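Colleague: Work the whole structure out from these sequences, hints included.
Quick note: the sequence shown, position 231, residue 231 per the UniProt record's numbering, numbers continuous.
Keep in mind that the hints were calculated from the coordinates and are not lab data. Since the model is a prediction, treat every value here as computed from it, not as a measurement. Glycine included, C-beta positions come from ideal geometry on N, C-alpha and C. Errors might be hidden in some of the hints.
What the hints assert, rightly or not - Across the chosen pairs, the derived CB separations fall in these ranges:
1) V251 / R44: 49 to 55 Å
2) A16 / V308: 47 to 53 Å
3) T152 / A473: 23 to 29 Å
4) Y265 / R236: 42 to 48 Å
5) M326 / T552: 29 to 35 Å
6) R236 / A599: 28 to 34 Å
7) G232 / W592: 30 to 36 Å
To be verified - Below, in silico cross-link-like pairs of lysine to aspartate or glutamate (EDC-like), each with a Cα-Cα straight-line distance of 16 Å or less:
8) K40 / D183
9) K554 / D262
10) K554 / E483
11) K40 / D68
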Amino acid sequence: MSVRSLNLVARRRGTALLVASLVAIVAGFALALAPVLQSKVEVRWPQAPDDVRSTALLLANLTPHAIDVEFDEAALNAAADGGGLLLSTVRTDRPAARAAGLVLETDGATLTVSLRQSVETVVIEPGSWHLRSSIEGMTLDRDGESVLSWPTEVPPEIDGLLTVVGELPGGAEFQATVQVLDDNNTVASPVKLVILAVAALALIAVAVMLIRDDRARPLRRVARPRRDDGEGRWVRVAVAAVDVAVVGALVLWVFIGPMTADDGYYAVMARNNSDAGYVGMYYQIFNQTFVPFVWYWQFLDLWQTLSVSAVWLRIPSLLAAVGGWMLIRYYVRRHLEVAGAARAGLLAVAGMVTVLWWSAFAIGVRPEAVAAVGAMAVLVLVVTSVRTGRAFPAFVAAAVGALSFAAHPTGVVAFGPLLVGIAPLWRALSGDGWRAGARRTVAVISGGAFALIAAFHDGALFEAINGQRRFAAVETPLDWSDELARYVLLLENGPQGTYVKRAVVLVALVLVLWFLIAWAWDRRSRTRLIGDAATLMGWTFAAGFVLIWITTSKWSHHFGAMAVIGAVFVAWMLVILPARVLAALPTTRHRWLIASIFAASLIPPFCWPWRARRTGSPGTPTCRIGDRRRVSALSCSHSRCCGSVWSSRSRRSCSPCPGSGVSRSVCRSLPRRYP
Numbered sequence: 001m002s003v004r005s006l007n008l009v010a011r012r013r014g015t016a017l018l019v020a021s022l023v024a025i026v027a028g029f030a031l032a033l034a035p036v037l038q039s040k041v042e043v044r045w046p047q048a049p050d051d052v053r054s055t056a057l058l059l060a061n062l063t064p065h066a067i068d069v070e071f072d073e074a075a076l077n078a079a080a081d082g083g084g085l086l087l088s089t090v091r092t093d094r095p096a097a098r099a100a101g102l103v104l105e106t107d108g109a110t111l112t113v114s115l116r117q118s119v120e121t122v123v124i125e126p127g128s129w130h131l132r133s134s135i136e137g138m139t140l141d142r143d144g145e146s147v148l149s150w151p152t153e154v155p156p157e158i159d160g161l162l163t164v165v166g167e168l169p170g171g172a173e174f175q176a177t178v179q180v181l182d183d184n185n186t187v188a189s190p191v192k193l194v195i196l197a198v199a200a201l202a203l204i205a206v207a208v209m210l211i212r213d214d215r216a217r218p219l220r221r222v223a224r225p226r227r228d229d230g231e232g233r234w235v236r237v238a239v240a241a242v243d244v245a246v247v248g249a250l251v252l253w254v255f256i257g258p259m260t261a262d263d264g265y266y267a268v269m270a271r272n273n274s275d276a277g278y279v280g281m282y283y284q285i286f287n288q289t290f291v292p293f294v295w296y297w298q299f300l301d302l303w304q305t306l307s308v309s310a311v312w313l314r315i316p317s318l319l320a321a322v323g324g325w326m327l328i329r330y331y332v333r334r335h336l337e338v339a340g341a342a343r344a345g346l347l348a349v350a351g352m353v354t355v356l357w358w359s360a361f362a363i364g365v366r367p368e369a370v371a372a373v374g375a376m377a378v379l380v381l382v383v384t385s386v387r388t389g390r391a392f393p394a395f396v397a398a399a400v401g402a403l404s405f406a407a408h409p410t411g412v413v414a415f416g417p418l419l420v421g422i423a424p425l426w427r428a429l430s431g432d433g434w435r436a437g438a439r440r441t442v443a444v445i446s447g448g449a450f451a452l453i454a455a456f457h458d459g460a461l462f463e464a465i466n467g468q469r470r471f472a473a474v475e476t477p478l479d480w481s482d483e484l485a486r487y488v489l490l491l492e493n494g495p496q497g498t499y500v501k502r503a504v505v506l507v508a509l510v511l512v513l514w515f516l517i518a519w520a521w522d523r524r525s526r527t528r529l530i531g532d533a534a535t536l537m538g539w540t541f542a543a544g545f546v547l548i549w550i551t552t553s554k555w556s557h558h559f560g561a562m563a564v565i566g567a568v569f570v571a572w573m574l575v576i577l578p579a580r581v582l583a584a585l586p587t588t589r590h591r592w593l594i595a596s597i598f599a600a601s602l603i604p605p606f607c608w609p610w611r612a613r614r615t616g617s618p619g620t621p622t623c624r625i626g627d628r629r630r631v632s633a634l635s636c637s638h639s640r641c642c643g644s645v646w647s648s649r650s651r652r653s654c655s656p657c658p659g660s661g662v663s664r665s666v667c668r669s670l671p672r673r674y675p
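Modeller: This is the structure we're talking about:
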């Protein structure tokens, strides 16, 4: 084919990719606005004519959509004999309640109808009576003829269905039908199903065209590390031993680990999906809908059809933990480019942190496990896309991040790699021109439509809005300004502030500060100690602490969403970066200063485990995060040391691998910079 024909084909493919991407995005948002079919829920009372009992009927909306009451003269006579009350939706002995409900009373000759402040008395005549109250008003008919009409009266409040009738005479007619307003119990309408099909087909088309586009254009080849690259047999044996230890410890914890406070809560919440027809809060807030965060609970509902045992409920989180560990191994080998003894040491520390973080936060029923493995998968895919220039991994990363967020608000941490990697992703996708890069960027963004499909496949946007309104009516939602409350819970002596929980989180926070210092020093001195893969990993982990600010509750167990990235980040900061930094420092004095300050910054208050054993005992001292003088001294020496190192780095360059006192295995694994 000629060059002109090839260019024409490329333009057509680019246009088709852009159109399919826009269709997927528009269809995804249209799903949230598409109409749904509300299920019709009716309550019929009484259940048996020979056993009429008053019953409570508490409605979240207080008032029903409509109420129909059918009765005859025999039922009225039975009520008159028992005290006169045929039907009431509220307690009649309380004037305030009576003024809001519907009351039907009889003395055998007349029938008194009370609906809020409206009261009317009619003469009883033989026949079949029908009272209907709906949003169109209230009417009372006898044998099809209108007896009473109040067009401005809306349905009454209902606390129950109360009567003095205990048993109806043979052949008597008495039936109340309450049509309950259930906005949350919805199913997809035909229009929504069509939009859903269009969105799915568009996303499939985008994926296929991105794969073809990646194959059609020249891409960078990334050298695959050889299996024996700098590694002896003992290193491979050590890595295999770490794998066995990590997986074995996680499996063991599934059986011996205590249940958390939320395991039963969320298990019942998911199980109620089959009974209620939608995912609701169940235990609180009037069972308000959980839209748009529903797909994980629907999966958990199906999972519980096989078993409801504690071990079975932990299997999904166990699989997520093992999958996250496999992703860590892949990332260390392929992207962090750590080999030899350094890789064995890094994986050993990462394995220990993985077990600690998952056992403390994420092995259970809560959805943080989805966010944790999703965030690591997105990081791997983003770095793969940046290194190779392929767009399809970035598209999959957007889809995985979107599905993680659709499982729970803490899944927002999965967007961290995409946000941090915007600049390198753009350079990778726009290598053959900004127009082609823009089309691929739109295609990558369209992967977020997977979240809209998962969130609104049988729900609607108004359900999410109404749910938040009901939540706000009962409990004040927290916002980003209340983030300190999460750390208060973490530092308290309770289920959310155990020693292991606070240890992994606070050590990680200290290492985030050290990462920022090392990154700034690396940028200034051009020592190339931190490669692009480690930079994306570090900034993604740091951004996670900011992204979880959006949650409307501030529980410490939300830190479980960073269990996988946190494990590899902590291990890299403890094993790899210190060796590289010490090797790059110009003098022994600088090395001793940095090493001592780094070690001192990781020392926690030793009263934590001691105080936890003596909680509530008389004379137990207050446990503080740090002594004022100790913190001041460390801060002062830290500033002086960093200042001297910073100034020395700015005056001259330094080889990252001096000849003396430096591990050559560490120097050989210095990272590459992506083009």
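Colleague: Does each hint hold? Answer for all of them.
Modeller: Evaluation of the provided hints:
{"no.": "1", "hint": "V251 / R44: 49 to 55 Å", "verdict": "holds, 51 Å"}
{"no.": "2", "hint": "A16 / V308: 47 to 53 Å", "verdict": "holds, 48 Å"}
{"no.": "3", "hint": "T152 / A473: 23 to 29 Å", "verdict": "holds, 26 Å"}
{"no.": "4", "hint": "Y265 / R236: 42 to 48 Å", "verdict": "holds, 44 Å"}
{"no.": "5", "hint": "M326 / T552: 29 to 35 Å", "verdict": "holds, 33 Å"}
{"no.": "6", "hint": "R236 / A599: 28 to 34 Å", "verdict": "holds, 31 Å"}
{"no.": "7", "hint": "G232 / W592: 30 to 36 Å", "verdict": "holds, 32 Å"}
{"no.": "8", "hint": "K40 / D183", "verdict": "holds, 10 Å"}
{"no.": "9", "hint": "K554 / D262", "verdict": "holds, 14 Å"}
{"no.": "10", "hint": "K554 / E483", "verdict": "holds, 6 Å"}
{"no.": "11", "hint": "K40 / D68", "verdict": "holds, 15 Å"}
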